[in-house]
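> Could you slot chain B onto chain A? The hints should help.
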Amino acid sequence: MIKFIFKAILRDKNRSILPVMVVAIGVFLTIALSGYLTGMLGDIVDQTARFQTGHVKVMSRAYAQNIDQLPNDLALLGIDKVHQELENDFPDYTWVNRINFGGIIDAPGSNDKSKGQGPAMGMAIELFSESSGEVGRLNLTNSLIDGKVPEKSGEVLIGYEFAKKLKVKVGDELTYMGNTMNGSMTFAKFIVSGTVRFGVASMDKGTIIIDFTDAQQILDMANGAGEILGFYKDEVFIQEQTEQMCDVFNAKYAQDPDEFAPIMKALGEQNSMGTYLNLVNSVSSMFVIVFIMVMSVVLWNTGLIGGLRRYQEFGIRLALGEAKGHIYKTMIYEAVIIGTIGSIIGTALGIGVTLLMQKYGIDISGMMKDATMMMPTMLKSKFSLHLLYIGFIPGLFAMVIGNMLSGIGIYKRETATLFKELEV
Amino acid sequence: MKQIIILLLSIISICAPVKTWAQTEKTSAQTSAQTEDATAILNRVDDNINSNTSVTKSNMIIYGRRNSRTVTSIGYAQGKNQSFSEYLAPEREKGTKMLKLENNLWIYSPSTDRTIQLSGHMLKQSLMGSDLSYEDMMENRKLTEMYNSHVIGTDTIDGRETWILQLEAKVEDVSYHSRKVWVDTQRYVPLREELYAKSGQLLKKTELKDIKRIDGRWYPTKMNYKDMLKDGKGTDFIVLEIEFNTPIPPYIFTKASLKK
Numbered sequence: 000m001i002k003f004i005f006k007a008i009l010r011d012k013n014r015s016i017l018p019v020m021v022v023a024i025g026v027f028l029t030i031a032l033s034g035y036l037t038g039m040l041g042d043i044v045d046q047t048a049r050f051q052t053g054h055v056k057v058m059s060r061a062y063a064q065n066i067d068q069l070p071n072d073l074a075l076l077g078i079d080k081v082h083q084e085l086e087n088d089f090p091d092y093t094w095v096n097r098i099n100f101g102g103i104i105d106a107p108g109s110n111d112k113s114k115g116q117g118p119a120m121g122m123a124i125e126l127f128s129e130s131s132g133e134v135g136r137l138n139l140t141n142s143l144i145d146g147k148v149p150e151k152s153g154e155v156l157i158g159y160e161f162a163k164k165l166k167v168k169v170g171d172e173l174t175y176m177g178n179t180m181n182g183s184m185t186f187a188k189f190i191v192s193g194t195v196r197f198g199v200a201s202m203d204k205g206t207i208i209i210d211f212t213d214a215q216q217i218l219d220m221a222n223g224a225g226e227i228l229g230f231y232k233d234e235v236f237i238q239e240q241t242e243q244m245c246d247v248f249n250a251k252y253a254q255d256p257d258e259f260a261p262i263m264k265a266l267g268e269q270n271s272m273g274t275y276l277n278l279v280n281s282v283s284s285m286f287v288i289v290f291i292m293v294m295s296v297v298l299w300n301t302g303l304i305g306g307l308r309r310y311q312e313f314g315i316r317l318a319l320g321e322a323k324g325h326i327y328k329t330m331i332y333e334a335v336i337i338g339t340i341g342s343i344i345g346t347a348l349g350i351g352v353t354l355l356m357q358k359y360g361i362d363i364s365g366m367m368k369d370a371t372m373m374m375p376t377m378l379k380s381k382f383s384l385h386l387l388y389i390g391f392i393p394g395l396f397a398m399v400i401g402n403m404l405s406g407i408g409i410y411k412r413e414t415a416t417l418f419k420e421l422e423v
Numbered sequence: 000m001k002q003i004i005i006l007l008l009s010i011i012s013i014c015a016p017v018k019t020w021a022q023t024e025k026t027s028a029q030t031s032a033q034t035e036d037a038t039a040i041l042n043r044v045d046d047n048i049n050s051n052t053s054v055t056k057s058n059m060i061i062y063g064r065r066n067s068r069t070v071t072s073i074g075y076a077q078g079k080n081q082s083f084s085e086y087l088a089p090e091r092e093k094g095t096k097m098l099k100l101e102n103n104l105w106i107y108s109p110s111t112d113r114t115i116q117l118s119g120h121m122l123k124q125s126l127m128g129s130d131l132s133y134e135d136m137m138e139n140r141k142l143t144e145m146y147n148s149h150v151i152g153t154d155t156i157d158g159r160e161t162w163i164l165q166l167e168a169k170v171e172d173v174s175y176h177s178r179k180v181w182v183d184t185q186r187y188v189p190l191r192e193e194l195y196a197k198s199g200q201l202l203k204k205t206e207l208k209d210i211k212r213i214d215g216r217w218y219p220t221k222m223n224y225k226d227m228l229k230d231g232k233g234t235d236f237i238v239l240e241i242e243f244n245t246p247i248p249p250y251i252f253t254k255a256s257l258k259k
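First to last, the protein sequences are chains A and B. So in numbering that gives the first Met the number 0, spot 312 of the first sequence is number 311, and the numbers just go up one at a time. So in numbering that gives the first Met the number 0, spot 229 of the second sequence is number 228, and the numbers just go up one at a time.
Next comes chain A alone, as it looks inside the complex (with noise of 0.2 Å):
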């Protein structure tokens, strides 16, 4: 009986194309946009994870017990090992080192005196290493005010309102007074290279950005890092996964009692972040839930009308003498092939666009005149195993129940009644 129905629905195009159609066009929607939605929602975390946390964060135990004070004191030694162990035991993540330290800019003036001075927050990142990807993760290009990223040892990025306050333009001298790792009092001279909006006041305000290796240089630190961070490919984020990665990590470590040990954390532990991701997690499963909900009653209304377009079929069917329950069993079957039909081909382009999305997503900086670090220029989605069956299950059992609610009419009809309707 499948084979006949199949038949019939191929040779009957208005009774499958139109609504398988529909049910595919319903699917698809509902994935790409839980897709979507997942993915922006997840902004801020991606913000979180770009400038302070990574998808996971490497450290030193005792740094990670003083974090809110970036003790360099307490810094990671010997990383190169431990890069290396990282790149063995985790090929598919992204290992970056940074360095955030403080300190005092002055901008020499004439006769030795200052034109500016003030407190700085510097981030050293690996800017001259094109495979860590950090410019790009941080947006600097289309973040610079003016001039350009550093491109030698000896230059500095600054915030654009920080500039303005030592009255410095690109190619000025600064000199950096600060602390190295073990206390000693250090100096440095920069030559501006650019200047950069954050996005966030006080970081414009405050903010410089260097080479890792200058820092390094600058702070007694030869092979030390603050922070190696380590970003899972295409940027994205997944909870479960760094979970497992920490475990991995931090069970060779357990029984060593070093306090300059190295210890993993995933981003949902750092900066309060795993209530957020909680919260994230919860917002979305509540719009996509009400987004199914109105999909289904479109697809729902779809199987209505489907069954009621065939009232005169039924009517003929059921004066040749079929019995009301083979037809209803007929719809049923052809409801569940064509919603099948329709929520595979949905299911495959929902997920389809969502992968594009999620590896290339879309760039919107030409819109954005006043693009900045902080602001994302990239709309991305984020493929997750849900979306596998979120579109498909509502697809094929709204057609179903549709086609079932209408189906209930022929069991009201009468033979007697019959030729009058049909007019025979």
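Honestly, the hints are just simulated from the structure, not real lab data.
Coverage of chain A stretches by chain B, computed from C-beta distances (three or more under 8 Å per stretch; other residues unrestricted): (1) 105–118; (2) 178–192.
Mimicking BS3-like on lysine-lysine, the simulated pairs with C-alpha atoms at most 25 Å apart in a straight line are: (3) B:Lys258 with A:Lys114; (4) B:Lys259 with A:Lys112; (5) B:Lys258 with A:Lys112; (6) A:Lys188 with B:Lys123; (7) A:Lys204 with B:Lys123; (8) A:Lys114 with B:Lys123; (9) B:Lys96 with A:Lys188; (10) B:Lys229 with A:Lys264; (11) B:Lys211 with B:Lys179; (12) A:Lys112 with B:Lys123; (13) A:Lys188 with B:Lys258; (14) B:Lys254 with A:Lys188; (15) A:Lys114 with B:Lys96; (16) A:Lys166 with B:Lys123; (17) A:Lys114 with B:Lys254.
Quick reminder that beta carbons are idealized off the backbone N, C-alpha and C, glycines included.
Positioned in the frame of chain A, the structure of chain B alone reads:
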């Protein structure tokens, strides 16, 4: 009987305020005496610690979590407004100089050949990663100029009897709003200090030891400064040599001396 009770109650109610008034007067008198004593104590402390000029060679031992560092320096001070110091060791710090004139501080770095002036809130930064700030290092005024004081008790530290003085700021521009100072009753030298913020938060603790008789005065030659907001053992400041009231050439206290 009833009238006797009323009379007695009346006498008690009259006498109580008189007694309280008398006690207040006595307390005021004691306080006045104590305040005067406290001021006199502080004056004698200032006589020991302060001088017209001083030349000090010292070691500062900064204890870190991983290691400790010793920074050797020589310092020249004249009055409360002029001081100059040069760091002699280790190699990282060698040649770094600091000049304080009034409330301004200049730091010279030989590696960059630059003189940087620090002022305002930047003086609260840590000096060389130690538990001292630039502000702590620059403070040279007499305690009696900055604080009102009174004796709040006595204590014994390392076998020495001490008065405990409570100091409250009487001027606005002080680093620490209040202090508690344990002063040796015989030598008039502080043996311990606790420095507080306006909120009452304990910010720093200082222990002074190895009190030596130098040039007719008692002087602590070993001090430990502990920043109470940080973990760790604090910073030791050890006086290797000190001379009081030695003539110092005026050119030392000029910006030109930083680059010499």
